[in-house]
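Peer 1: Starting from the given sequences, assemble the full structure and let the hints guide the process.
In terms of this note's numbering, the sequence shown opens at residue 1 and continues consecutively.
Don't read these hints as lab results, they were simulated from the structure.
There's no promise every hint is true.
Pair by pair, the computed Cβ-Cβ distance ranges are [as the list claims (entries may be wrong)]: (1) Ala48 / Pro240: 38 to 48 Å; (2) Gln99 / Asp59: 18 to 28 Å; (3) Thr56 / Tyr126: 28 to 38 Å; (4) Asp215 / Asp301: 11 to 21 Å; (5) Glu32 / Pro127: 42 to 52 Å; (6) Pro240 / Asp50: 21 to 31 Å; (7) Lys239 / Ala48: 40 to 50 Å.
Straight-line distance between alpha carbons at most 30 Å, and here's what the computed DSSO-like set of lysine-lysine pairs gives [as the list claims (entries may be wrong)]: (8) Lys179 / Lys47; (9) Lys65 / Lys179; (10) Lys239 / Lys3; (11) Lys195 / Lys258; (12) Lys239 / Lys195; (13) Lys65 / Lys52; (14) Lys258 / Lys239; (15) Lys258 / Lys241; (16) Lys179 / Lys199.
The C-beta atom is built at its ideal place from N, Cα and C for all residues, glycine as well.
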Amino acid sequence: MAKVRTEVTSIVHSLPWLIAQDEGLFADEGIEVEFVHAPQRGAWLSKAGDGKATITGQDLVQDPKLVDSIGVHLIFEEGACELYRACEWGQVRRTQDSQRGGLIVGKRAAVSTQAILVRPDSPINYPQMLAGKVVGVNFHAGSHYLALMFLEGFLHRDEINVVHAGRPLERYEALMAGKVDAVGLMEPWIALAEKNGCKSLGEAHYIGADIASPDMDQPTYEALQRAMSRAVRLFNADKPKYLHYLIDEVPPHLDRLKPEDFHLPRLRYAEPAPYSEAEFRRTYEWMMSWDLINDDMTFEDLVDNRISVVA
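Peer 2: Written out as structure tokens, the structure is:
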């Protein structure tokens with residue numbers, strides 16, 4: 001039986017993987033899958049000085065150039081897993097920066113969302129009121145890119161003030177402690193924040209991608225994605241059945257979510273598919289406009305689809 005190790009960071013991105021594991025869908029494909037979990041609190045290598053110092057979410061760093069793009073995905077770079085998934089923008093950037101030779105091999109199943117939230121007592125009620133205000137994100141991750149893309153629809157770019165506030169748990173804590181004016185959050189943290197009275201100023205969904213090691217062959221990856229497709233169908237047929245994975249991600253001392261705390265249409269999963277050059281080009285050009293990626297990358301440099309349409 002083939003064995004694949006895959007990283008799990010935020011549960012919402014990996015939900016179909018967890019379902020496939022527990023429902024025996026990987027075993028049906030003759031594959032053993034091992035999960036390597038990232039910590040809920042992160043440390044990022046600093047790009048300043050000799051590059052050996054680390055940055056945490058508590059530092060609220062303002063310049064993304066000072067924060068290494070790999071971040072918690074160092075698990076992959078160090079060889080502890082063969083595959084991981086994250087937002088489209090971040091994966092384009094990390095493929096550029098990978099020292100292991102990781103490439104985008106297909107789109108992930110999760111169509112995630114980030115919401116921009118403020119505290120219950122905040123005077124901020126709509127996006128334009130965030131001009132110059134501090135918005136906590138995770139640099140080089142979905143909350144960062146989505147915040148920029150969302151807010152530039154309401155503000156001039158020089159009015160947008162995002163800072164690196166770490167992983168979702170850390171961002172939620174920073175918001176509630178008053179260290180930032182707003183944060184970008186995904187599920188189950190949106191549900192937690194809204195349950196505790198926080199106000200959403202808007203949200204948007206976005207696609208993600210898988211990065212695999214050079215030795216991940218196409219037959220193995222396609223077998224994994226067949227299991228993903230079955231898991232997506234199971235979830236979409238009975239979403240409440242699988243919410244316990246998301247509920248369990250929130251530390252008990254913060255709250256205990258219930259299924260009714262979730263807005264089910266927000267939870268979207270699509271069957272895996274190749275990552276197209278048109279999608280890449282649109283994303284790459286936007287990232288260049290923010291100086292968040294080198295200007296000499298091509299689709300062929302960063303993408304090696306190892307999936308066709310999955311039946």
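Peer 1: If a hint holds in the structure, say so; if it does not, say that too.
Peer 2: Hints, verified against the model:
Taken as a hint, the range 38 to 48 Å holds for the pair Ala48 and Pro240, whose Cβ atoms sit roughly 47 Å apart. A beta carbon spacing of about 24 Å between Gln99 and Asp59 agrees with the range 18 to 28 Å that was offered as a hint. Taking 28 to 38 Å as the suggested C-beta distance range, the pair Thr56 and Tyr126 conforms, at roughly 31 Å. With their beta carbons about 19 Å apart, Asp215 and Asp301 fall inside the hinted range of 11 to 21 Å.
Take Glu32 and Pro127: their Cβ atoms lie about 46 Å apart, and the range 42 to 52 Å holds. The hinted window of 21 to 31 Å between Pro240 and Asp50 is violated, with their beta carbons roughly 50 Å apart. Look at Lys239 against Ala48: about 44 Å separates their beta carbons, and that is inside 40 to 50 Å. Annotation: proposed proximity of Lys179 to Lys47 holds, straight-line Cα distance about 24 Å (limit 30 Å).
Annotation: proposed proximity of Lys65 to Lys179 holds, straight-line Cα distance about 22 Å (limit 30 Å). Proposed proximity of Lys239 and Lys3 is supported: the alpha carbons are some 28 Å apart, at most 30 Å. Note on Lys195 and Lys258: the hinted pairing holds, with a Cα-Cα distance of about 10 Å set against a maximum of 30 Å. At roughly 19 Å between alpha-carbon atoms, Lys239 and Lys195 fall within 30 Å of each other, so this suggested pair holds.
Restraint check for Lys65 and Lys52: satisfied, since their Cα atoms lie roughly 15 Å apart, inside the 30 Å limit. In summary, the hint linking Lys258 to Lys239 is supported, as the alpha carbons are separated by about 13 Å, within the 30 Å threshold. Of the pairs offered as hints, the one joining Lys258 and Lys241 holds, with about 12 Å between alpha carbons and a cut-off of 30 Å not exceeded. Between the alpha carbons of Lys179 and Lys199 the distance comes to roughly 16 Å, so the proposed pair stays at or under 30 Å and holds.
In terms of the numbered hints stated before, the structure departs from hint 6 and from no other.
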